[in-house]
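K.L.:
Sequence:
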Amino acid sequence: MCCQNSNYPKNAKMERTIQTKFYEFNQNNSGGHFDVDENVCHRVIIEARDKKHAIALFEPMIENQSGSCPCCGDRWSPEYADEINLDKYKEKGYSVGVYSHYPDAKQRWFNLYGEFPRIEEPTWQTRYGSKEFLGKIYFETIEQYCQFMANAYGWTNPDIRIHFMDGTKKEIFKCDAAS
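Residue numbers (the numbering used here): 13 to 191.
Honestly, the hints are just simulated from the structure, not real lab data.
From a predicted model like this one, the values you see are computed outputs, not experimental measurements.
There's no promise every hint is true.
[Claimed, not checked] Heads up, simulated DSBU-like pairs for lysine-lysine below, C-alpha to C-alpha not over 35 Å straight-line:
| hint | residue 1 | residue 2 |
| --- | --- | --- |
| 1 | K100 | K63 |
| 2 | K25 | K63 |
| 3 | K186 | K64 |
| 4 | K143 | K102 |
| 5 | K63 | K186 |
| 6 | K104 | K63 |
| 7 | K182 | K25 |
| 8 | K148 | K102 |
| 9 | K104 | K25 |
| 10 | K143 | K104 |
| 11 | K33 | K186 |
| 12 | K143 | K181 |
| 13 | K143 | K100 |
| 14 | K63 | K102 |
| 15 | K64 | K102 |
[What the hints assert, rightly or not] Quick list of simulated restraints, FRET-style, between CB atoms:
| hint | residue 1 | residue 2 | range |
| --- | --- | --- | --- |
| 16 | K25 | D116 | 56 to 62 Å |
| 17 | R139 | D86 | 31 to 37 Å |
| 18 | H45 | F185 | 16 to 22 Å |
| 19 | K102 | Y140 | 36 to 42 Å |
| 20 | F176 | R130 | 33 to 39 Å |
| 21 | E75 | Y114 | 14 to 20 Å |
| 22 | K104 | N38 | 20 to 26 Å |
| 23 | A164 | D62 | 24 to 30 Å |
| 24 | Y114 | D62 | 38 to 44 Å |
Each residue gets a CB set at the ideal place from its N, CA and C atoms; glycine is no exception.
All chains, please: the whole structure from these sequences, using the hints.
P.N.:
Below, the structure written as structure tokens:
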């Protein structure tokens, strides 16, 4: 009978909020090709409560994928999923540069990275013995992070597929802004 003494109205609705994170799964080019279907492509991003939950959501997506090859290794390694920490990028930035051998290096930098918010404006710097127009960007949203990764490392069509907890998906395609 202790519940009858509760201060909550009988028809009160409980609101619950959960914190989610994003996890990145990268496909190895095993056997000289990438598998692409309605769930996977070169990179797959899963929104989940934690890494274990992300792996549990991801594994059914890859059970019918082609496997490994003896020389290239496993196509997928779900246990090595990386948490995407946008706060880290907002705090420390992500260094991006264009080498001086491009005659239009400054313009190229702004074409490639100008859409992203910056922590450090680009300047000419010498790094590892090479002159580079270098700055630091950061990502405000998972979509910004994915667009950067697709532009920099895209190999498939789409380049990245994001799976949100509500069941929706978003496809990210490489934009060749360097030209």
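K.L.:
Against each hint, give a clear statement of whether it holds in the structure.
P.N.:
Right, here's what the structure says about each hint:
Restraint check for K100 and K63: the C-alpha separation of about 18 Å stays at or below 35 Å, so the hint holds. A C-alpha spacing of about 30 Å is found between K25 and K63, which places the hinted pair at or below 35 Å, so the restraint holds. A threshold of 35 Å between alpha carbons decides the hint, and for K186 with K64 the separation of about 29 Å falls inside it, so the pair holds. Using a Cα cut-off of 35 Å, the hinted pair K143 and K102 holds, with the two alpha carbons roughly 26 Å apart.
A threshold of 35 Å between alpha carbons decides the hint, and for K63 with K186 the separation of about 27 Å falls inside it, so the pair holds. Simply put, K104 and K63 have alpha-carbon atoms about 23 Å apart, close enough for the 35 Å limit, and the pair holds. Distance restraint check for K182 and K25: the Cα-Cα separation of roughly 31 Å lies within the 35 Å cut-off, and the hinted pair is therefore satisfied. As the CA atoms of K148 and K102 are separated by approximately 10 Å, the hinted pair is consistent with the 35 Å bound.
The hinted pair formed by K104 and K25 fails the criterion: a straight-line CA distance of about 41 Å is larger than 35 Å. For the hint pairing K143 with K104, the CA-to-CA distance comes to about 22 Å; that is within 35 Å, so the pair holds. For the given pair, K33 sits about 23 Å from K186 by alpha-carbon distance, which is consistent with the 35 Å threshold. For the suggested pair K143 and K181, the alpha carbons sit about 40 Å apart, so the restraint of at most 35 Å is broken.
Taken as a hint, the K143 and K100 pair is honoured in the structure, with Cα atoms around 27 Å apart against an allowance of 35 Å. Under the criterion of a C-alpha separation no larger than 35 Å, the hint pairing K63 with K102 is consistent with the structure, at around 22 Å. Our distance criterion of 35 Å between C-alpha atoms is met by K64 and K102, whose separation comes to about 25 Å. Between K25 and D116 the C-beta distance comes to about 58 Å, which sits within the given range of 56 to 62 Å.
Distance hint for R139 and D86: a CB-CB separation of about 33 Å, consistent with the stated range 31 to 37 Å. Checked against the given bound of 16 to 22 Å, the beta carbons of H45 and F185, roughly 19 Å apart, stay inside it. Separated by about 26 Å at the C-beta atoms, K102 and Y140 break the suggested range of 36 to 42 Å. Distance hint check: the CB atoms of F176 and R130 are about 27 Å apart, inconsistent with the given range 33 to 39 Å.
Checking the proposed 14 to 20 Å range against E75 and Y114 shows it is violated: the Cβ atoms sit about 44 Å from each other. With their beta carbons about 22 Å apart, K104 and N38 fall inside the hinted range of 20 to 26 Å. For the pair A164 and D62, the supplied restraint of 24 to 30 Å holds, since their beta-carbon distance comes to about 27 Å. The hinted range of 38 to 44 Å is satisfied by Y114 and D62, whose Cβ atoms lie roughly 42 Å apart.
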